[in-house]
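Work from the hints to combine the two standalone chains into their complex.
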Amino acid sequence: AQSVTQPDIHITVSEGASLELRCNYSYGATPYLFWYVQSPGQGLQLLLKYFSGDTLVQGIKGFEAEFKRSQSSFNLRKPSVHWSDAAEYFCAVGYQKVTFGTGTKLQVIP
Amino acid sequence: DTEVTQTPKHLVMGMTNKKSLKCEQHMGHRAMYWYKQKAKKPPELMFVYSYEKLSINESVPSRFSPECPNSSLLNLHLHALQPEDSALYLCASRQVAGVNTGELFFGEGSRLTVL
Numbered sequence: 008a009q010s011v012t013q014p015d016i017h018i019t020v021s022e023g024a025s026l027e028l029r030c031n032y033s034y035g036a037t038p039y040l041f042w043y044v045q046s047p048g049q050g051l052q053l054l055l056k057y058f059s060g061d062t063l064v065q066g067i068k069g070f071e072a073e074f075k076r077s078q079s080s081f082n083l084r085k086p087s088v089h090w091s092d093a094a095e096y097f098c099a100v101g102y103q104k105v106t107f108g109t110g111t112k113l114q115v116i117p
Numbered sequence: 253d254t255e256v257t258q259t260p261k262h263l264v265m266g267m268t269n270k271k272s273l274k275c276e277q278h279m280g281h282r283a284m285y286w287y288k289q290k291a292k293k294p295p296e297l298m299f300v301y302s303y304e305k306l307s308i309n310e311s312v313p314s315r316f317s318p319e320c321p322n323s324s325l326l327n328l329h330l331h332a333l334q335p336e337d338s339a340l341y342l343c344a345s346r347q348v349a350g351v352n353t354g355e356l357f358f359g360e361g362s363r364l365t366v367l
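Chains as they are written, first to last, in my numbering: chain S, 8 to 117; chain U, 253 to 367.
Just chain U, same shape as in the assembly (with noise of 0.2 angstroms):
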């Protein structure tokens, strides 16, 4: 099993609203990444855990809260969202230890739309 699974694929929500966005992986890497990325633009990254705890913060603000429950699920929490957050989210995992280490997967994306 080689892929990353990002639920829900599109997400439209209202700036008062809370919600979550989920990312699961069964190959065993223990390194997982959020990024952001605007149309026609790069990915940016925002979070980087590794052995479920946060390693990189790239000063995301805090309505973006990630929290990583066991080795294999990454959530993004989101709260108070403007609409210039709207963008396709990206989660992504990577081997820590061995040979193919440094290479990400990554997953189809969620597509988030804040009205």
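Okay, chain S solo, but in the shape it has when bound (with noise of 0.2 angstroms):
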């Protein structure tokens, strides 16, 4: 069964430092891999997504992740995080049946 497991619940960081969330998950074959940011009572906005091709992927509002088979890992990055990206963070497996990690809260302090 695919899953996905996301090891951080809750990452603080201050304004303008660098982020990495981690992703670590399990499917069967070739991985379908999304990040999607959610806030508070919102829905699920999608950040990248990796299907297949550069293992280097670029998103939205400055977002990367990097895709490792040999380590099952689809973490995501950012150089520099800002006030504004304070939120939820779900890695997501699948195709027609996605699932999402149980999430990482990001905290930004000024």
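Hints listed in this document are in silico derivations from the structure and should not be mistaken for laboratory results. Misleading hints may appear alongside valid ones.
Derived DSSO-like pairs: lysine-lysine, alpha-carbon spacing no greater than 30 angstroms straight-line [claimed, not checked]: (1) S/Lys56 with U/Lys270; (2) U/Lys271 with S/Lys104; (3) U/Lys292 with S/Lys56; (4) U/Lys271 with S/Lys68; (5) S/Lys112 with U/Lys292; (6) U/Lys288 with S/Lys104; (7) U/Lys290 with S/Lys68; (8) U/Lys292 with S/Lys104; (9) S/Lys75 with U/Lys293; (10) S/Lys68 with U/Lys270; (11) U/Lys270 with S/Lys112; (12) U/Lys288 with S/Lys112; (13) U/Lys261 with U/Lys293; (14) S/Lys75 with U/Lys261; (15) S/Lys56 with U/Lys274; (16) U/Lys270 with S/Lys104; (17) U/Lys305 with S/Lys68; (18) S/Lys56 with S/Lys104; (19) S/Lys56 with U/Lys305; (20) U/Lys271 with S/Lys56; (21) S/Lys112 with U/Lys305; (22) U/Lys261 with S/Lys56; (23) S/Lys75 with U/Lys270; (24) U/Lys305 with S/Lys104.
These numbers come from a predicted model, not from an experiment.
Next comes the structure, spelled out in structure tokens:
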């Protein structure tokens, strides 16, 4: 069965600092991988996705993620965090059936 | 138009009521989804419709009844719910052919409170 693990429940970073959110997945074939962001009480917005090709993918809002098959990982990065990035971040895997990780709550301090 | 629209945004119902949640998209997507999200938890898949046919039911209790009347609309009929069913219900759609398949587009959700 497919699954996603996000080991960090809560991360706090200073504004302007770099960010890395971890994601490990389990999937039987070449994975479809996603990162979504959710503000409180809102729906989910896609930050980026990986289906195939270049393992370093660029997304919106200055985010990027790197697919590492050998480590079953798809970590999200941003070189300089802005206060508006504070939100819940979900890693997800799957095609027709998309499974989400438990999420990482990002707090940004000035 | 890249929106998924859900109505109502908020719904309060008693355990004996019958209500419905509605979802609409005009992106030509032929897969539509219902997810349930409890506070501080990830979205949990409930149902998937593909080409207006139910393709995935994640063992959801029968008090939740999905309906896909056409390719743009998805309903979730609610009856005899329990307080523990209170949650944010998210609708999503997905293109099933072409370059951008796989990506889910989400609505803002319907916040359901069962008294």
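TODO: Hints the structure violates: just list their numbers, smallest first.
DONE: 1, 4, 10, 11, 14, 17, 20, 21 and 23
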